[in-house]
Structures are given as structure tokens and as C-alpha cells.
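Since chain R is already given, all that's left is putting chain H on it; use the hints.
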Amino acid sequence: MKKNFKLFWLFSTYSIKSAFQQRLGVVLFTLGKLLRFVVFFIFVYQLLSKTRFLAGYNINQTIVFYLTYTMIDNLGQLLFREVYRFRPLIVSGDFSGILIKPYHPFMRILIGGIDVLDVILTLPYTILLVYFIQKAGGFTFLTAIIYIGLIINSLVLTMAFHILVLSLGILTTEVDHATLIYRDLSRMGSVPMDIYKEPLRTLLTFVIPIGIMMSIPVKGLFGILTWNVFLYSVAFCIIFLIGSLTIWKKALMRYQSWGG
Amino acid sequence: MITVKDLVKTYETPIKSGSILRDIIDRQYKKNIALNHISFEIDENEFVGFIGPNGAGKTTTMKILSGILYPTEGSTKVLGYTPFEKNNKFLKQIAFVMGQKNQMLWELPAIDTFYLNKEIYEIGDASFKQRLQEMVELLACESFIDQPVKTLSLGQRMRVELIASLLHKPKILFLDEPTIGLDIFAQAAIIKFLKEYQSRYKTTVMLTSHYMQDVQRLAKRIIMIDHGTIIFDGMLKDLIRDYSEEKIINIIMDEPLEKLPAFISHYRHAYTFPQLKITIQKSQLHKILPQILESVAYNDVTIEDEHIEDIIKKIFKKKNTSS
Chain R
1 MKKNFKLFWL FSTYSIKSAF QQRLGVVLFT LGKLLRFVVF FIFVYQLLSK TRFLAGYNIN
61 QTIVFYLTYT MIDNLGQLLF REVYRFRPLI VSGDFSGILI KPYHPFMRIL IGGIDVLDVI
121 LTLPYTILLV YFIQKAGGFT FLTAIIYIGL IINSLVLTMA FHILVLSLGI LTTEVDHATL
181 IYRDLSRMGS VPMDIYKEPL RTLLTFVIPI GIMMSIPVKG LFGILTWNVF LYSVAFCIIF
241 LIGSLTIWKK ALMRYQSWGG
Chain H
1 MITVKDLVKT YETPIKSGSI LRDIIDRQYK KNIALNHISF EIDENEFVGF IGPNGAGKTT
61 TMKILSGILY PTEGSTKVLG YTPFEKNNKF LKQIAFVMGQ KNQMLWELPA IDTFYLNKEI
121 YEIGDASFKQ RLQEMVELLA CESFIDQPVK TLSLGQRMRV ELIASLLHKP KILFLDEPTI
181 GLDIFAQAAI IKFLKEYQSR YKTTVMLTSH YMQDVQRLAK RIIMIDHGTI IFDGMLKDLI
241 RDYSEEKIIN IIMDEPLEKL PAFISHYRHA YTFPQLKITI QKSQLHKILP QILESVAYND
301 VTIEDEHIED IIKKIFKKKN TSS
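From first to last, the protein sequence lines are chains R and H. The first sequence: position 142 = 142 (the numbering used here), numbered continuously. The second sequence: position 79 = 79 (the numbering used here), numbered continuously.
Next comes chain R alone, as it looks inside the complex:
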């Protein structure tokens, strides 16, 4: 365990060092991400300053939904950024060099490339999230714990999804489109699931499951989550993770190590 933490730290340090080799790129990408965040933030704010409520949630609560989505999305990208760089490793066969190292390959291909841009952005997102949660009110110590627990649940689900993408990468060399689909779908979770009509709402909440990842933690925070849905979220996450790991093992057996 100690070795894994040390390796995680080293991979992260080297990833940040590598990113800073192109300083202009760091500045431009950070600005781009901030711009996207601010534009959507203004959109939500403007929309609700006119309508006052969105699917029964007031402006502060809606912003908490958006900020929770942003935080989970940001943490997912921060932790699992290396997945987006997996395809070249497969196509060139360089993944073979990782498989012969005495650590779990996930140390390198899943969490081995902390994105420095997202690290920078985590701080303002956290400050804003805490500020708007306080402003929205309506939570207790227990619901706050449930909220944090469900965010962790969402991150595990995000990890399971990324493991699935890695497996797909080995089996088909397809990574980019799968991650794009994931990102497009997860973006639907930037607003409460309640705004979508049935059956789309149930589909997005429980099947795909953007709702479990993005909306349900906030519902837990505001104390409007039933225990059944809470347990379903956790069970879904565990089953999805086990499924992803099983597919990963099968994919490794079919790895062909191209490129000589």
C-alpha cells in the first residue's frame, strides 16, 4: 500500500512536471476550462433569476447541482486523465512496457497521470461549492455525510466506467469515442434529473446512470433521498465495478501487443 501511494505520488509529480514542459499550453487550457465553467454558471444564474425555480429547486440548490456535477467531473478528469492517453499506448504496443512492471497497471494507465489543470481548478470549485451549499441551506450533519459518501460512490462509478473504457481500448483500440459519449452523457447531469421527462429521467438516473453519479448525492444532501434509492446507488456501483474488473481481466487475456 505504501509503495502504491509513493508510486501514485511519483507518477503525479512527473505528470505535472511533463505538463509544465509546455507552459503556454497549461495557461490556455486552464483559461479554456474556466471559461466553459463561467459561461455555464452565468447561463444557470440568468435562467433562474427569471424563472426562480427549476424543477422545484431554487437558484442556490440548482447551482449546488451544477457545482456538484462540476466537482465530480473535475475529480474524475483529475484522477483518470491517463485513460484519455491510453489509445496511443495500445496502438504502438507501448502498453507492453507497463505490463512488465511490478505494480498494478492501473497505477499507470488509470491514475498515473494527474491532470495539473484540474488540480488548479479544484480549489475555486470547492470554495464555490461550500459557499453555495451554505447559501442553499436545508442540510444536516447526517445528510452532509451522506452527500460526501455518495460523491465517493460517484467517483468509484466514474472509475469503473474508465476501467471499462480501458478494456474497450484493449479489445478494439477504441477509447476516444467512448470517452466522448461518457462526457456528453455526464453533462446531462449538470442540472437536476427532475427536469427530464419520463422515461428519460428513470433511464438517466438508474440505468445509464448519470443520476446516480451527479444528482443523487445532492438529493442526499438536501434530505430528499429515500433509503431504497441510496442502497440502489451503492449496489449499482459495486456491481458495475465488479463487472468492469471482470471485463478488464478478459481484455488483458486478449491483448495482442502490436508493433513488433
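Worth flagging that the hints you see were computed from the coordinates, not collected in a lab. Since this is a predicted model, take the numbers as computed values, not measurements. Treat the hints with care, since some could be wrong.
What the hints assert, rightly or not - In silico EDC-like cross-links for lysine to aspartate or glutamate, where the CA-CA straight-line distance does not exceed 16 Å: (1) R:Lys6 / H:Glu122; (2) H:Lys247 / H:Asp183; (3) R:Lys250 / H:Asp310; (4) H:Lys220 / H:Glu85; (5) R:Lys3 / H:Glu119.
Below, chain H without anything else, positioned relative to chain R:
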């Protein structure tokens, strides 16, 4: 140390049907046999040259032995482990250097990869320092280990790749084309290093190379593989003894010849003053040599074995004709 029994590896490749729709909905696959029931054993401290044409199955075998690929059939045991299980204790005892692949941190100086490998292989501080110094000296790369890897020449990169792979003193070293693309000086430096390293640390080495001279200079034992089947497994000297059918007489002359003696034209020869090269059957040597020496004024005469490349080419050709 390495035991391979009845090893089979097949790859599936898609077959194009001519219809895009059918290729998407009902894609058909063809099975390609990369390894066809091969068996061999390698003992401790052996340096084995693994040779064969492209696609023969050399790299596939090494990738199975290092746990990268999953074998379709058969059994492999390396240091008592099943490689594909990827036990960390096993992986800490092997290294795989691939001439065409980069295992270094591309954007950062080589020294950063060395420090990373120190943690990966849990090498103690003192041992790491001593080992690094030794490797850096042996490979003469002190001047560029602080440069980003992306700025190194191919020869320099291969040297730092070797250091990164050997810092943890692996018991088994897999070398896949370590000198590919290198100039003759870099190639010679790597070969010299490998020879010295193996004799010093008694590491078991499996080497593939298309440069037969590399194999000849390093390996005592040869495993020849073609179309996934082993066609020779034995000592290099035995290969030369059993399969070399010709000798090359190399004559350096004092004066240019006005006309080549008539009997020489019956043999394969090449003449450019001052050198005359005649290739003859091994069995004819005692008969032909006195004749040659009588008929030309020579300065020096040497008799060489047939080049290893030619012997190997002949074996492959013979094998392909018979099958």
C-alpha cells in the same frame, strides 16, 4: 529457469468480406498461428539467441515468457512462476528491453525514470547509487542522463533504456532487437556492454536480433524459429559444424593477375585486386587449396567459415522448400 512446453499462440485478425455493412454486423475472423507447439528449456546463466525471419514468433515467445501475452495453449514456467499471473515477485526479477519501444519518461531527463524505477523495484538508496554509477560508467552516459529523453539520439536513448531496465539486477533479461536502427559505433558499444554485463552478473539472457553478428558475438546457444515452429535448438558452433557446407578462401595478392587460372572459374569467386575470394565446398578444400597456392603469387591467405547469415538463410530456404 525457463520451461516452455507445447506452447501455442494464435491471433485473430478480421477478414474483409467486401461489404462494409457485413464487416460491421457480422465480422469474420481468421486465426493466425504465431506459435505452433514449441517446447524448450533455458538454464541459469545462458545467453540464448532467438532468431528467425519477421513474423516467425520470436517476440511473441518473449512476450509470453514475460507475462505480456496470454498463451492460447501449453505451459510456461519462468523462475517457478506462470508469467501471465504477473506476480510482482516474478516481475521484479525480469527485464524486457524492446529496441523499438520507449519505456522512459519522454519529456523528462533519464535520471527521473531511474528514480521512478528505484521506487518501482524497491531498490535501497545505497544499492541504487552504486548500481547507477556502475551502469553509467559502463555505458558512458554521464553527460546526458540529465537531458530530457526526447532530445537524445537513438543510440543514447538505448543506453539509458538499458540502465533503466537493469537497475534492479534482473535474473532474466529479454532483449528484443536492442541494436535496431543504431549506427555501427552505437551498435558495437551496446554489444560490448551486453557481453560484459552478462559475464559479470551471470544473467540469463534471451536475445532476438536481425543482425546475425550481434547474435554470433553474444550467444552460445541458438534457437531458430520459423512460422511458429522451432527448426533448430543447439549450440552455435554445432550449427556451423552441421550446416556450414562451404569455406571461403580469401587470398591477398602481390601482383595483379593477367588471367585467372581456368579451374577457378568452376567455383564461385570474386576478384578485385589485390583480393581474390573463392567459395568452395568444405570437402574440396584439401584438394583445391594446394592447386590455388601453386597457381597464384599470394601475400596472404585466410580460410573463413561461411558467414552465419548465409548458413541461416540456407537452413530457412531448405526448410521452406521441404515444407
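Pairwise hint evaluation, aspartate 183 (chain H) against lysine 247 (chain H), where the allowed Cα distance is 16 Å at most: Violated, because 29 Å separates the two Cα atoms, which is more than 16 Å.
Straight-line alpha-carbon gap lysine 220 (chain H) to glutamate 85 (chain H), limit 16 Å: Not OK: lysine 220 (chain H) and glutamate 85 (chain H) at ~31 Å, beyond 16 Å, violated.
Pair hint lysine 250 (chain R) and aspartate 310 (chain H), alpha-carbon separation not exceeding 16 Å: violated (44 Å)
Holds or violated: lysine 6 (chain R) to glutamate 122 (chain H), with C-alpha atoms at most 16 Å apart: holds (11 Å)
Given hint glutamate 119 (chain H) paired with lysine 3 (chain R) - CA-CA distance at most 16 Å: Cα-Cα ~7 Å, so holds.
Hints 2, 3 and 4 from the list above are not met by this structure, while the remaining hints are.
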